[in-house]
Every structure is written in C-alpha cells, then in structure tokens.
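With the hints as constraints, model all of the structure from the sequences given.
As numbered in the numbering used here, residues 43 to 178 make up the sequence shown, in order.
Derived by calculation from the structure, the hints in this document are not laboratory data. In this text the structure is predicted, and so the values were computed from the model without any measurement. You may find that some hints are simply not true.
What the hints assert, rightly or not - With a straight-line Cα cutoff of 20 Å, these simulated SDA-like cross-link-like pairs (lysine to any residue) come out:
#1 K145 x A80
#2 K145 x E168
#3 K145 x L84
#4 K145 x G83
#5 K145 x P120
#6 K145 x I107
#7 K145 x P92
#8 K145 x L169
#9 K145 x E54
#10 K145 x D79
#11 K145 x E53
#12 K145 x E125
#13 K145 x T82
#14 K145 x Q95
#15 K145 x V124
#16 K145 x A52
#17 K145 x H171
#18 K145 x R109
#19 K145 x S51
#20 K145 x R55
#21 K145 x R123
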Amino acid sequence: MLKLLQPASAEERSQADELVNCLLAQVPYAVGAAVIDAITGLPLAHGGAPGEQNPVSYAMQFGRIARCTAALAAAVGPDERVEELVLPCGPCNHVLRLAPSGKHWVYLAVNTHDLNVGIIRELLRELTHEGPVTAG
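Right, dumping it as structure tokens:
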C-alpha cells in the first residue's frame, strides 16, 4: 500500500523557525541551524549568520548521513537508536540531534574547534527538549 507523506503544518514550521532563531541566539559561535524532517530530509526551518554558507545544504547532507546511520543501528537490533551525531568538517563542528518525538533532526553548526563540543551538545539537548516541535 502506498503511504503518502504529510507535509509539515504551518504551526510546525512556525515552531521550527522559533527553535532555529533560539539556537542561533543562545549558542555561542553558532553560524547555522535547521530543523529537518527525519523521514524526507526536507527542511522545516533554517537560518544562519550573514556571510556564512546556507545551513540547509549542510543539514540535508548530514541528515542523509543520520538516516543511513539510523538504518544501520536498526539493523543491529530493534532497540538501537541514533540520537546524536557530531561531525567536524572544515572550520565548524556540525551537530545533529534527533528530537524526542523522533520526527525531526535538529542541526547546528558552530564555527570553532576551540569551544567544548560537550557544552554545545548539552545546550542543544536542553533547547530541543523545550519546544513543541521537538517534544515527544
């Protein structure tokens, strides 16, 4: 049976946009952020610092990596789940975190290798648990 994908609602897109703006405002050295649909890989919202590359292209590529990694984890066992990926690439650390709902990946690019990645991960964890777009 063919299953049709439901596009994100206007409310989901608005909430995703609020989360992206919150990430860019609250995470030190953040240069790009996006909320990506976990199934389709399409962005619900994205934003970035002026003069930086469009975060959506990075988010979609790294989202593809996340989906492949999640499929590999599922092949290992039904209880295996990928919740987060950290990918250093160029001058940035790219962090993808699966929302508690499992419906979206939250992407964040931070322009420094000097900042502790653990701090970035903790901030992302806290901020993704607060919003309705990411809540379970």
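Is it true that the CA of K145 sits at most 20 Å from the CA of G83? holds, 10 Å
Holds or violated: K145 and E54, Cα atoms, limit 20 Å. This hinted pair holds, its Cα atoms lying about 11 Å apart.
Does K145 pair with D79 here, judged by a C-alpha cut-off of 20 Å? Holds, at about 6 Å.
Do the alpha carbons of K145 and S51 lie within 20 Å of each other, as the hint requires? holds, 13 Å
Would you check the hint for K145 and R123, treating anything up to 20 Å between C-alpha atoms as holding? Measuring from Cα to Cα gives roughly 13 Å; hence the hint holds.
Holds or violated: are the alpha carbons of K145 and R109 at most 20 Å from each other? holds, 12 Å
Starting from K145, check that the Cα of T82 is at most 20 Å away, please. Holds, at roughly 10 Å.
Between the alpha carbons of K145 and L169, is the straight-line distance 20 Å or under? Answer holds: K145 to L169 is near 16 Å, not above 20 Å.
Holds or violated: K145 with E168, Cα cutoff 20 Å? holds, 17 Å
K145 and P120: Cα distance at most 20 Å? At roughly 18 Å apart (the allowed maximum being 20 Å), P120 and K145 satisfy the hint.
Restraint status (C-alpha distance of K145 to Q95 at most 20 Å): violated, 25 Å
Please work out if K145 and R55 have their alpha carbons no farther apart than 20 Å. It holds: about 13 Å lies between the C-alpha atoms, which stays within 20 Å.
Hints 7, 14 from the earlier list are contradicted by this structure; the remaining hints agree with it.
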